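A.B. asks: Using the sequences provided together with the hints, build the complete structure.
Residue numbers (my numbering): 10 to 120.
If you are wondering where the hints come from, they were derived from the structure by calculation, not from laboratory data.
If you're wondering where the values come from, they're calculated on a predicted model, not measured in any experiment.
This list has only true hints and no planted wrong ones.
Listed next, the in silico DSBU-like pairs over lysine-lysine satisfying Cα-Cα at most 30 Å (straight line):
(1) K41 to K85
(2) K90 to K105
(3) K75 to K85
(4) K41 to K75
(5) K75 to K105
(6) K41 to K90
(7) K105 to K41
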Amino acid sequence: MKKIIFIIALIILLIYCGYLFAVPQYHYYAVKSNLEEYMNVAIDRPGLVNETVMRIINEHGLPVTKDDVHITHDDKRYYVKTSWEETVDIFTLYQKTYYFTIDTSKKSSGK
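C.D. replies: Written out as structure tokens, the structure reads:
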């Protein structure tokens with residue numbers, strides 16, 4: 010009986026650790042996708058673009074401020090560049106810091 014409880018606890022722990030490592034990756038891909046999609050249809054109103062970009066970032070609770078977001082534009086569209094870091098902490102025994110950068114002016118490589 011103790012062995013079964015130990016195995017169940019170990020499985021729950023592994024699922025929890027997987028969740029902790031998946032959340033930052035999810036934030037990156039979700040924000041990147043949303044920003045790329047929005048930048049394709051953004052209208053020529055810089056104030057609205059700034060507000061919408063920050064709303065998209067804040068929806069995911071990322072540690073990004075307005076100073077960390079750089080918005081540029083050319084004749085056809087707007088571009089966003091931002092970066093942040095998220096640290097995964099597993100019971101203070103193991104910590105891993107992920108560094109993320111989004112630049113909508115570069116084409117995705119599909120990786």
